[in-house]
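**Q** Start from chain A and add chains B, C and D according to the hints.
There are 4 protein chains.
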Amino acid sequence: MSRPCFHAVSGNPATQHERDDIAAQWRHDDDKPHEECGVFGVWNANDASALTALGLHALQHRGQEASGIVSYDGARFHTHKGLGLVGDVFGDSRVMATLPGHCAVGHNRYATTGATLIRNVQPLFADFEFGGLAVAHNGNLTNADTLRKALVRRGCIFQSTTDSEVFIHLIAISLYSNVVDRLIDALKQVLGAYSLIVLSRNELIGVRDPLGVRPLILGRLREEDGTEGAWVLASETCALDIVGAEFVRDVEPGEIVIINDEGIRSLKPFGSTQSRFCVFEYIYFARPDSIMDGKAVYDTRKQIGVELARESGVEADVIVPVPDSGVPSAMGFAAESGIPFELGIIRNHYVGRTFIEPTDQIRNLGVKMKHSTNRPVLDGKRVVLVDDSIVRGTTSRKIVDMVRAAGAKEVHMRISSPPTTHSCFYGIDTPERSQLLAAQHNIEEMAKLIGVDSLAFISFDGLYRALGYKDRKNACNRYCDACFTGDYPIELVDYEAEHHPEPA
Amino acid sequence: MSRPCFHAVSGNPATQHERDDIAAQWRHDDDKPHEECGVFGVWNANDASALTALGLHALQHRGQEASGIVSYDGARFHTHKGLGLVGDVFGDSRVMATLPGHCAVGHNRYATTGATLIRNVQPLFADFEFGGLAVAHNGNLTNADTLRKALVRRGCIFQSTTDSEVFIHLIAISLYSNVVDRLIDALKQVLGAYSLIVLSRNELIGVRDPLGVRPLILGRLREEDGTEGAWVLASETCALDIVGAEFVRDVEPGEIVIINDEGIRSLKPFGSTQSRFCVFEYIYFARPDSIMDGKAVYDTRKQIGVELARESGVEADVIVPVPDSGVPSAMGFAAESGIPFELGIIRNHYVGRTFIEPTDQIRNLGVKMKHSTNRPVLDGKRVVLVDDSIVRGTTSRKIVDMVRAAGAKEVHMRISSPPTTHSCFYGIDTPERSQLLAAQHNIEEMAKLIGVDSLAFISFDGLYRALGYKDRKNACNRYCDACFTGDYPIELVDYEAEHHPEPA
Amino acid sequence: MSRPCFHAVSGNPATQHERDDIAAQWRHDDDKPHEECGVFGVWNANDASALTALGLHALQHRGQEASGIVSYDGARFHTHKGLGLVGDVFGDSRVMATLPGHCAVGHNRYATTGATLIRNVQPLFADFEFGGLAVAHNGNLTNADTLRKALVRRGCIFQSTTDSEVFIHLIAISLYSNVVDRLIDALKQVLGAYSLIVLSRNELIGVRDPLGVRPLILGRLREEDGTEGAWVLASETCALDIVGAEFVRDVEPGEIVIINDEGIRSLKPFGSTQSRFCVFEYIYFARPDSIMDGKAVYDTRKQIGVELARESGVEADVIVPVPDSGVPSAMGFAAESGIPFELGIIRNHYVGRTFIEPTDQIRNLGVKMKHSTNRPVLDGKRVVLVDDSIVRGTTSRKIVDMVRAAGAKEVHMRISSPPTTHSCFYGIDTPERSQLLAAQHNIEEMAKLIGVDSLAFISFDGLYRALGYKDRKNACNRYCDACFTGDYPIELVDYEAEHHPEPA
Amino acid sequence: MSRPCFHAVSGNPATQHERDDIAAQWRHDDDKPHEECGVFGVWNANDASALTALGLHALQHRGQEASGIVSYDGARFHTHKGLGLVGDVFGDSRVMATLPGHCAVGHNRYATTGATLIRNVQPLFADFEFGGLAVAHNGNLTNADTLRKALVRRGCIFQSTTDSEVFIHLIAISLYSNVVDRLIDALKQVLGAYSLIVLSRNELIGVRDPLGVRPLILGRLREEDGTEGAWVLASETCALDIVGAEFVRDVEPGEIVIINDEGIRSLKPFGSTQSRFCVFEYIYFARPDSIMDGKAVYDTRKQIGVELARESGVEADVIVPVPDSGVPSAMGFAAESGIPFELGIIRNHYVGRTFIEPTDQIRNLGVKMKHSTNRPVLDGKRVVLVDDSIVRGTTSRKIVDMVRAAGAKEVHMRISSPPTTHSCFYGIDTPERSQLLAAQHNIEEMAKLIGVDSLAFISFDGLYRALGYKDRKNACNRYCDACFTGDYPIELVDYEAEHHPEPA
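Chains A, B, C and D, in that order, give the protein sequences. Per our numbering, residue 3 is the first one in the first sequence, and the count goes up by one each step. Per our numbering, residue 3 is the first one in the second sequence, and the count goes up by one each step. Per our numbering, residue 3 is the first one in the third sequence, and the count goes up by one each step. Per our numbering, residue 3 is the first one in the fourth sequence, and the count goes up by one each step.
What the hints contain is simulated information worked out from the structure, not anything from laboratory work. Take these hints with a grain of salt, some might be off.
If several chains are the same, the list does not tell them apart, and a pair holds so long as it fits within one copy or across any two.
Claimed, not checked - Pairs of lysine-lysine, BS3-like flavour, derived with a Cα cap of 25 angstroms: (1) Lys297 / Lys411; (2) Lys297 / Lys372; (3) Lys372 / Lys411; (4) Lys472 / Lys297; (5) Lys297 / Lys475; (6) Lys400 / Lys372; (7) Lys190 / Lys270; (8) Lys450 / Lys400; (9) Lys411 / Lys400; (10) Lys450 / Lys411.
Next comes chain A alone, as it looks inside the complex (with noise of 0.2 angstroms):
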């Protein structure tokens, strides 16, 4: 779909400048769902924008295309954003010389569609009336292409091709008064997934949907010389953890929480909302050393990996994690099948921002980049490989067929996932229906696709057993599960209108 936008151009919007796609480059190579943003946000510490920088390292996970801050020194508000990792865009200290405050807001990025555009960058700002802003959000409106084709008709002229330039506008627009008032009458009009972190001259803002799809975090700086302890916002507890900050609470979904000079407050415009927490979070996203929603995620993993063990178990001689995301997992089913959990598969960490296109001879190589296999530990050896979730399924059928080449010679794939059947609308990158392979078939076909000798997924069950419950009905649709379900909290309206319009 199209989206109209200030400055640049549908086709070819980038000018030279602006343009770097190279990060890009590799984005769908690994074959994983992306999450699309992490963020942090400091009110009233000395080196805001330094703690910011180091927040934003602690959930570079969560984002790695691009970085931006906005600080706030009492006086004038700040910007800086780059493509790239947090250490390339901050790691000068001339470039942190001109972030200035004691209050800043920052954003890491990971852009779902198109080149990744420096304008594009968040946090956005905008100058009001009443001051500047700075907005901060992960996650994903459904309903932002229908505002921002009625916004274009008023007359509003968008900068940026993100779905969170929208909230700018309809704040600009907004017939109140105040900051707060006129971000909750914004927020009334949006749909979606939407932490936000919002910066004023005033005060800083934490938003969580009313379902709460994606995370917030509220933690409080120990007292220093004398100085109060600065309020601090994050996507998940080890942003909290590099900085030395406490764990105060999680943001409640459909929560405002409003940090300001006289402390903070919270507001509930959407009045009790029902919590519908990714789940995929605890699976693949989150760090491992992250507690979310007063669960470890470590942990979590682990046990998936116990539960998958007694559901799927299987006769062999080594459990093998798909690096890195699979370790958990496989430590954990290694642990309940008694059978050793070995490294058969190295990572390579120094792919760098670009690599060989493969030609003539070289082909496929693109796995090899990344991964290798340990020959000694598969070698004539029944191996369980464990990984986190099947998407497109290429990845995976290139792992197995190197781990076959090393000379395993059975080799059984384990997902502590149930199947990925469908698409995510609510800030997860994920590929359209049609190429999740587990919506085009069924478990023995993906086994025959992938060249296993079996492949098993966790069961519903199993996944929230090991979330604590006794199974899927007992959690209560306490978590959104959208992507192995189909079952969406949250209206579609941008997809319907596109692919379901009404008749004129």
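**A** Then chains B, C and D, alone, in the frame of chain A:
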């Protein structure tokens, strides 16, 4: 005055990837007024972008800080912008390959305030309900801030800090349905000097403000290979010469020229208006080989030199121009006076983008980077220096010192414009009155400050005689000469609001 | 020691365009010894340069600061070098297109001293009377400075600051007429550790120093399309795997392998020599999936963990590796001790090229950039940390602090190498003895300095048992373990000259 | 001819990081001979590097492709080099801060062959047994290849492809013990044109070849703050003016000037020699404000115009210079002939580093990028174009076409040099004879090819009259005019070896 804008923050608006103020370093050093922009557009030609790049190159003297081109290929708009000279921005054939199409509009920018941001580089582009629109603007609006504040209040979000973006928003919110009507709606709300070239999907539009302060001409490429000749719009005739186009006519003050596949038509939405063309274009800005408003710039400059010699002749041994702009007037002065014309000052054209900042022992070298004296021509001589204007007087002082150090016995300065006593608000970068030497001192004082034995400026009547009139009165306000007279023909809305705000 | 060299100046040798020491910023921060280089060569294959880039990518762990490839197309040599990871330097297909030919040699560089200059990046290339010659070198010469001084005295001009350039000059001034004889002439004059790959117009040559301190292996690509299988030389077997080559054999200590269109032949100019292979390759340097000298690196590391558990078992709740290098030993330790293996420390692999320097409030964050603790695994537990070595001890201290801050009740550290008491002069970047913790303190003191409840290193006999010998004595000096013992098998000529100069 | 060299490979010698031939793109387009280099050195001054950068800026006309400075601070040498204009390479104060010291030597490069490599940028520097040595060279050796081959045979490894590196190696292998003796030893082996500035730890040395083909002058900075005045060596007097130094004298042909803390001394190792100064310096290369060999360049050029008018006067309406170099001669021609001097051709000085390559419809635009016609001055007129030389004639043809297209009734061309019939081997970039128009055609044919109504060159006697002699004979071989006469005063060893090799 602060200007609210999207994504930028007053005080430190630039991200690292956007910031490049190196180009600005030498900006004021030559102590000349500066033209703000050059514009060029072409409709229905092969290689439209290449022609536009050539046209911009010929107009390089009107702006050296940045360049941009938007092309249209019948389906999509394509944009490329960059900081630097036209050859630096468009010299790469791979860049040109990203600008396909038979129509294009281009812009050279000379920034008057703040850092040079890629966001500010024109043409500005926006995608509207009715399709894309690119706008290139030479001039300055006198009510831009007033309009901007009103637009921000209405919810419009600005993304550049240029006056020109006001046009875009006024067009965006207009209730008229077609591009031309929306454009006229916008024009009726702005005040100031504006030569515009606008490119939409269906037409190329040229506009001159009601008084025609800034130039805009119409040209036509000869037909080739049976194709119809393409139309060209440009700031000066020298841009026609480089692409081999023929001069058709000046766009008239207050005229809108609309070029589309049906041909060309003209609108006069402001009715018949009085021309007040900028007289400084003749004195300094325009390229000597351009013909403006029917008069050859080179001839006019020489004739000013003739008039100056008649008015302020002096016994001397050599007539020496301050290169490059003083050359034609000095030739006229020499011819009329019979005193030999000699190149006593040599200009070094190889000044890179940056240069050494004077330190310790090395002071006041700025002027030496650009000029050096040709000692044998000056030593022991009575020298008449001919220059086009005195703004702050700092460079004049340094040049006089250099000429004396080279042995000149006497130094007389003759200036081919009247004393610059007022700021320009119509698109020329001049300092505030407090910094204009002639606004603070009489001629005798100026002579002393600059260090010359005598100083004379062309008289008003002399200037207009050189332009073909009997005297200034006889020219009947045909020109804007506000920088010499303070007679501002267009209301200074923003300036008045800032300096003489109405009582609350 | 100062090294005379062409074009560079000691102290500030780099021109702006050559200087890039950003890469060096994090070099010592992880407080590990560093391998200096990886080498790869291929003779007679399609896409020789692409294969070499892949091989270098697989050898990236041996050097991350710079990479270079020289190819030969039958008529001309072609060179490309750059700073950064292999993927950064060779990821652009346009770059690869500049490296045509069926033969190529490549090099990964880890610089031990000074800034990383593009001039120092290998392979070094020189045009001789007899044609071009490219040399890639892994190792370090112990008489390089002595030879360099003599060569400079003779009139040779050095252009890099690398030891390796000595080879080039010795070959250049040799009076022998063919490449192999000149090479042998040069080899007879140098002392030290050198695995060389040399590419001339007529042959690809692999050389290992008489003691075979650094690794070099021979592999062969399977024949395709009726062509004969190409020969490959590489530092490790993992580089064969990525290109699909089969392992043939280790190049022997003191052997020269000459590959040309007639086939392969072997010379032993030093006669039969004693192998003293670097034992640290097993402990830390080599990739776990490589097989060195007939032994699988991964198995050896696990076995060291087993021996360590036997020697220095301790009551504890969890075995936690310091990732990534401590993982296999920790697995062995856990398996032998029966204590659960847990990922209590998470490594952040997304460290960009640079990062924020700690300021004010933010101190000692370096280690946190790379590692974070997985609190639920550590809290309230008795923890055994397994790491491969302690060099300065600074990182160990920080990690222990982190683990305690995460709630560990006891922290025991087990190290899979003996105490590092001596510097390496054979190609490994280690600090001077004065900075080696184990050279200055006994184990009790070290435990206190690092802050652990107990500290143990693998014993010499335990280490050699893991390698398959009864004890160290039984290994019969088969390895170089000078960094643990000070038993240097190759004379340290330069070091002696500098530290114990002969009386005049 | 192929030149063996270190690190570079014939055919594709440049690595990506070294390659930058964009600068070369416009090189031959203006169809002028090019000076190869400018040199500047200073001994014992504060801000020695800043003075050198200024001096190089004043000498920018002698080489625009690259610049370098080596400074010495009493302990160490410091180097910075870069491609581009002096202001681009040295305009950053942080760069200047890396070049401390009271002594410095600098070089502007105009490359004659191949790509411009940073390795080729001078000053060349080498660290010898006796310390560092920097060498800056203007000129060309006629036996460089012969010497180079002999040096390579001896084992010397070249790292640049410049002639100048031969000096370095000859100095390196000399058996003499001090710098000056080694330098003289080297000089006695080379043939050709060489103005050298050499900087060692103890002295700054200026050398002119025995015939003094290329210029070199000695100047002195006025004493400041009680310090002794610093010595300056430079290619032209205009470089003294910019730093405020006073002209002392020309370095004499065959003279070695040695400046150290004791003062200045002079050696004449070649005995008394005959001066053969390059006459083209007067005609075209030198800056008009320089004084060479006691004669003002500007005056000489004007006088050539006077002589030309006397010899080849023609009835015409305007005298039009081809800017910029033809201006003084045109002034002289106009003054003598009484025909008005007019700027009928305008030069665009804003040509960026690159520009659009002509495509399709757009042909032969090269010349239009730099020049445009001032139509009112030319239309209907009989025009005399005055230029300094005709090399290939391609540009002349285009300019004549432009002038005719602007309406000129007659076009007469007058050239202020004799016909260029031979190549220069002494440091000027001229094409081979086969491409020199005057080497292939008589004047009548040339006139036809260029498209003029008449064509005349200054006669030999006229040229020498302008230089103050009665005629050429009377000038007694005081100048090298080989490019006009083929009378080569220095043996062309390499050229002869290549074109007339001796029978085996």
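**Q** Checking an output row: Lys411 and Lys400, CA cutoff 25 angstroms. Within, between, both or neither?
**A** Within one copy, since 16 angstroms is at most 25 angstroms while 44 angstroms is not.
**Q** Is it within, between, both, or neither for Lys297 and Lys475, if the alpha carbons may be no more than 25 angstroms apart?
**A** within (19 angstroms within a copy, 52 angstroms between copies)
**Q** Given identical chains, is Lys400 near Lys372, meaning Cα to Cα at most 25 angstroms, within a copy, between copies, both, or neither?
**A** Cα proximity of Lys400 and Lys372: one copy only (12 angstroms, versus 30 angstroms across).
**Q** Since the copies are identical, ignore which copy is meant and state whether Lys450 and Lys400 lie within 25 angstroms (CA to CA) inside a copy, between copies, both or neither.
**A** So Lys450 and Lys400 pass the 25 angstroms test inside one copy only (13 angstroms; across, 49 angstroms).
**Q** Since the copies are identical, ignore which copy is meant and state whether Lys190 and Lys270 lie within 25 angstroms (CA to CA) inside a copy, between copies, both or neither.
**A** within (12 angstroms within a copy, 46 angstroms between copies)
**Q** Is it within, between, both or neither when you check Lys450 against Lys411 at 25 angstroms Cα-Cα?
**A** within (16 angstroms within a copy, 49 angstroms between copies)
**Q** Between Lys297 and Lys372, at a C-alpha cutoff of 25 angstroms, which is it: within one copy, between copies, both, or neither?
**A** For Lys297 and Lys372, only the inter-copy Cα distance (24 angstroms) is at most 25 angstroms; the intra-copy one is 30 angstroms.
**Q** When no copy is specified for Lys372 and Lys411, does a C-alpha distance of 25 angstroms or less occur within a copy, between copies, both, or neither?
**A** within (23 angstroms within a copy, 37 angstroms between copies)
**Q** At most 25 angstroms between C-alpha atoms: does Lys472 with Lys297 qualify within a copy, between copies, both, or neither?
**A** For Lys472 and Lys297, the Cα distance is within 25 angstroms only inside one copy (16 angstroms; across copies 48 angstroms).
**Q** At most 25 angstroms between CA atoms: does that hold for Lys297 and Lys411 within a copy, between copies, both, or neither?
**A** Between copies only: 22 angstroms across chains, 38 angstroms inside a chain, cut-off 25 angstroms.
Consistency with the previously given hints is maintained throughout, with no hint failing.
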